[in-house]
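Throw the hints in and build the complete structure from the sequences for me.
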Amino acid sequence: MNGISEVTSRYLYLYKENIDRISGMSSPYINSFRKGAFERFSAMGIPTKKDEAYKYTNLNIFFDHDYKSYFIPETADFIKAEEFRCDIADLDTLGIVLLNGFYPTINGKLHQLSNGVWIGSLNEAALKFPELIEKHYGKYANSDTDGLVHLNTAMAHDGVFVYVPDGVKLSKPVQVVNLVQSDEDMFSQHRNLIIVEKNAEFSMIICDHALSPNKFLTNAVTEAYVGENAHFDLIRVQNEHNAACKITHTFIHQEKNSVTSSNNMTLHGGLIRNSTYHHLGGEGAETSSYGLFLADKFQHIDNYVSVDHASPKCTSNQLFKGVLDEMATGTFNGRILVRPDAQGTMAYQRNNNILLTDDAKMDTKPQLEIYADDVKCSHGATIGQLDENAMFYLQSRGINKREARLMLMFGFAHEVIQNIKIEPLRERMDNLVMQRLRGELSRCASCMVKCG
Amino acid sequence: MLVIKDLKASIGGKNILKGISLTVKPGEIHAIMGPNGSGKSTLAAVLAGRELGEVTGGTVTYYGKNLLEMAAEDRAKDGIFLGFQYPIEIPGVSMVNFMKTAVNEQRKYRGLEPLSASDFLKLMREKKEMVEIDSKLANRSVNEGFSGGEKKKNEIFQMAMLDPKLAILDETDSGLDIDALRIVANGVNKIKRPDNSFIVITHYQRLLDYIVPDVVHVLYDGRIVKTAGKELALELEEKGYDWIKKEVENSIMV
Chain E
1 MNGISEVTSR YLYLYKENID RISGMSSPYI NSFRKGAFER FSAMGIPTKK
51 DEAYKYTNLN IFFDHDYKSY FIPETADFIK AEEFRCDIAD LDTLGIVLLN
101 GFYPTINGKL HQLSNGVWIG SLNEAALKFP ELIEKHYGKY ANSDTDGLVH
151 LNTAMAHDGV FVYVPDGVKL SKPVQVVNLV QSDEDMFSQH RNLIIVEKNA
201 EFSMIICDHA LSPNKFLTNA VTEAYVGENA HFDLIRVQNE HNAACKITHT
251 FIHQEKNSVT SSNNMTLHGG LIRNSTYHHL GGEGAETSSY GLFLADKFQH
301 IDNYVSVDHA SPKCTSNQLF KGVLDEMATG TFNGRILVRP DAQGTMAYQR
351 NNNILLTDDA KMDTKPQLEI YADDVKCSHG ATIGQLDENA MFYLQSRGIN
401 KREARLMLMF GFAHEVIQNI KIEPLRERMD NLVMQRLRGE LSRCASCMVK
451 CG
Chain R
1001 MLVIKDLKAS IGGKNILKGI SLTVKPGEIH AIMGPNGSGK STLAAVLAGR
1051 ELGEVTGGTV TYYGKNLLEM AAEDRAKDGI FLGFQYPIEI PGVSMVNFMK
1101 TAVNEQRKYR GLEPLSASDF LKLMREKKEM VEIDSKLANR SVNEGFSGGE
1151 KKKNEIFQMA MLDPKLAILD ETDSGLDIDA LRIVANGVNK IKRPDNSFIV
1201 ITHYQRLLDY IVPDVVHVLY DGRIVKTAGK ELALELEEKG YDWIKKEVEN
1251 SIMV
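Residue numbers (this note's numbering), protein chains in the order written: chain E, 1 to 452; chain R, 1001 to 1254.
Don't read these hints as lab results, they were simulated from the structure.
Hints are supplied without guarantee of correctness; some may be wrong.
[Said to hold, decoys possible] Which bits of chain R does chain E cover? Going by a derived footprint, with three or more residues having C-beta under 8 Å, they are:
hint	region
1	1062-1073
2	1103-1112
[Said to hold, decoys possible] Here are the simulated lysine to aspartate or glutamate pairs, DMTMM-like style, with alpha carbons at most 25 Å apart:
hint	chain 1	residue 1	chain 2	residue 2
3	R	Lys1100	E	Asp430
4	R	Lys1100	E	Glu415
5	R	Lys1136	E	Glu423
6	R	Lys1100	E	Asp387
7	R	Lys1014	E	Glu388
8	R	Lys1151	E	Glu415
9	E	Lys421	R	Glu1144
10	R	Lys1136	E	Glu415
11	R	Lys1108	E	Glu440
12	R	Lys1165	E	Glu403
13	R	Lys1136	E	Asp430
14	R	Lys1151	E	Glu388
15	R	Lys1108	E	Glu403
16	E	Lys401	R	Glu1144
17	E	Lys401	R	Asp1163
18	R	Lys1122	E	Glu427
19	R	Lys1151	E	Glu403
20	R	Lys1151	E	Asp387
21	E	Lys401	R	Glu1113
The beta carbon of each residue, even a glycine, is placed where N, CA and C say it ideally should be.
Written out as structure tokens, the structure reads:
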């Protein structure tokens, strides 16, 4: 196989070694995607800086490494994972824990709530609800630019499944705590599928935590279907350590008049890549794509957003803000595609970044492709330092320089945080961000990792 | 309390203040008037510690301390307040958090315990009523989306919260309608005590209908060219600044 890089070969080998075992545990429908996905991955490989969508991100640091590949956890691990509790006191959620990408076996794999909502393991749901899986699985996650999506489809085995039936409004959010824990360096992939049927309302929080200081690489795909008039909010909180790499691909498909938001809050991680794909597939759909990232040391945070205005009269709004300290680097790539029939489109994009040192670096790239005429579209990006006038204003009231800087950075970040509708989570994010900006570790109190 | 002697300052190599001397005693209100470009705002900035340009000569002594050596925040903690001509909008920073931090930093400097949340809110309420600021403004981000008048009223509110020994108001009256002007002036009059002082920088006389100065100075081309009682303000209102400019030019020719 000429032209295949050494790093890609690692994962081709991994597939060949494990595919029988993975297939043996999965539903036939999920398995039916594997071969095709593997072929596409083989052709595309692990993305490099030569790929436009990864121009500023070097994945090799994490991909070119020997990992233990964790295809099925043991019961003892699950017992430990089940003990994990989120410590946000007032946050009333339906909690789910995923350990290394697997849904714990202990308390049953699939739960039905009284209103017909199902929450549980994707693998289990694939066996129980083949018709739902066949209707939605693999229908939204696709990519011509990112081989990692196909690597996930080829090998992922489990993840979270949520089904919200017609008209059901779930008052509590579902909180998925994604734990990674291992005594060895570990690579894992999971796959989530969320189905929000018409007129339903649902919000989900995904928290990424690492429980041991090993090197971790996670490549996760989430597919969400949001039916007519439905509402769906997704909030992702990433708080891991410098040896953790998280690659997420989130595909949100929207039907007519549906409203969604996605919010990626990145507080800590060695290398993070969040790709968020919004497909506005029905007239009058609305989406907001938010992101906040704080990085220091040698961390690298890459946000890639693609909004596909495939239907008329849809609205999209992107707001991504970053604060980069020390040697940290960041990337924002915001694509807006307005298809020829998507008249009456409104699409906005803003990316503001603060660099606190001369060594921090940010690359930001708007990418607008507009093929309709009746379109309102705007984009703006800034990379700068803290506003000197605002600094002096605060200092002139007796606030010292350090505190004034913190207040300005916090204010900058708060513009993103304020979009979180769940109040206890919003307050917690305010606190975590403040701690992070102060240089204190912003891990949750129940986190066991002393990460640096 | 404040003694300025032969103060000179330049911005970008250009001399703006060319030797200003001024003494302010507790309980006094000084008005500094003058045409545009005379150096009024630069004087305010230098006193508040803005690192805009360079002080090239002279001294400023505040309660016996060398003011020019103090950082802006330390001057504020020591009781100096600057009311901005153009207050800054700071999105994402709430007025409550801003004022709480400022008040408690100043208390810490004076060796006092931070105010409890309830005492702080009580203080906010009192001062809001005192300066007639809309309650809702205090719940928003600092100056964000405020009208020109609201921003100026907010300066007076902050002044009331911080209770300074020396307040320098830099053209606080500019851009205000008559009602807002009255609110601003009333705020100053309520805060005024025998132990605090004000330097009111203004272009127009009308603010001085409400705030009665003890001394009026005219600043022109970086120098104080005339100092008199409050009647000087009226004379300026009537005759404009031209006669002063002429006087200055004549005196230079002599």
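Non-conforming hints, listed in increasing numerical order: Hint check: nothing fails, all pass.
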